[in-house]
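Just so you know, we're using my numbering here: the sequence shown kicks off at 10 and counts up by one.
Keep in mind that the hints were calculated from the coordinates and are not lab data.
It is possible that part of the hints are untrue.
[Claimed, not checked] As a list, the in silico SDA-like pairs of lysine to any residue whose alpha-carbon atoms are at most 25 Å apart:
id, residue 1, residue 2
1, Lys204, Pro74
2, Lys204, Phe147
3, Lys109, Phe147
[Said to hold, decoys possible] Just the calculated beta-carbon pair ranges, DEER-fashion:
id, residue 1, residue 2, range
4, Thr208, Lys109, 35 to 41 Å
5, Ala175, Thr113, 39 to 45 Å
6, Lys109, Pro26, 18 to 24 Å
All values reported here derive from a predicted model rather than from experimental measurement.
By construction, the Cβ of each residue, glycine as well, lies at the ideal position given by its N, Cα and C atoms.
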Amino acid sequence: MPGIAMSSPAPQLFDRPRIARHLQAHPPAPDNFVMQRILEDLALRLGATTHTFDKAALLSPVTAPLPDTIGRPGAPVRLAPFSTLVPHANQPRVNPDALKLPETDYSLIVSLFDLAILDDVPGFLRQIRHHLAPDGLFLAAFVGGTSFQELRAAWLEADARHLGGAVARIPPFIETKDAGSLLQRAGFALPVTDKDTMTLRYRSAAHLMHEIRAMGAAGVLAKRPPVPVSPAHLKTVEEIYARNFSDPDQ
10 MPGIAMSSPA PQLFDRPRIA RHLQAHPPAP DNFVMQRILE DLALRLGATT HTFDKAALLS
70 PVTAPLPDTI GRPGAPVRLA PFSTLVPHAN QPRVNPDALK LPETDYSLIV SLFDLAILDD
130 VPGFLRQIRH HLAPDGLFLA AFVGGTSFQE LRAAWLEADA RHLGGAVARI PPFIETKDAG
190 SLLQRAGFAL PVTDKDTMTL RYRSAAHLMH EIRAMGAAGV LAKRPPVPVS PAHLKTVEEI
250 YARNFSDPDQ
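Use the sequences and the hints to build the structure in full.
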């Protein structure tokens, strides 16, 4: 199997040490609704194929709350967990920028949440392909598309008022069509991408931001805002969010 081509480092977008500290302070709960939705979908997708996965790996920033077996009618799939960010017990930690797994012929590799917080997504995908068997399957799930677009819009308007311009606060997310292009660039044959839309309603922008912090997903960008957010600035965000994105019955 050919080696992995080296290229210049990707620009740093994410502060991964900071993300790791957040996740260690606020580890995802096993019953987290997003986690459960993704695991249920993963089980359905694996159940729809007759392929035998005798060597499977699971990669995720935090593996502690994840199961090591995915239910599948008649043939549950056992997954070897590898943390890409936060170490856990005796589970090995791997570097997604220089991925080295024990094998290079996995029949299945699953990546959960990684693609949303990586600087070099094409490089990561090429390394995943390097570790797959010729007929191996790669499945990935991550927050993407238009997620948090309402909160992003509220911050952009508030920053323009208080700071005179836009400030990067919410990271850019991979769109469905771009995911397919990234897989093709990495050399995957017949890539398939889709999206599962979840509509979540929060009482206010403050409640949404509290939920984001509780999941360890706040402050993920390497470039920090130029000044701290004042109470008046934050109040403007909440007012814009309530004005533009509240449901009529709220």
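Here's how the hints hold up against the structure:
Among the hinted pairs, lysine 204 with proline 74 is consistent with the structure: their alpha-carbon atoms are about 23 Å apart, no more than 25 Å. Only pairs whose Cα atoms come within 25 Å are accepted, and lysine 204 paired with phenylalanine 147 is accepted, the gap being roughly 16 Å. Among the hinted pairs, lysine 109 with phenylalanine 147 is consistent with the structure: their alpha-carbon atoms are about 16 Å apart, no more than 25 Å. Taken as a hint, the range 35 to 41 Å holds for the pair threonine 208 and lysine 109, whose Cβ atoms sit roughly 40 Å apart.
A beta carbon spacing of about 43 Å between alanine 175 and threonine 113 agrees with the range 39 to 45 Å that was offered as a hint. Range check, lysine 109 to proline 26: Cβ separation about 20 Å, and the 18 to 24 Å hint holds.
In this structure, every one of the numbered hints holds.
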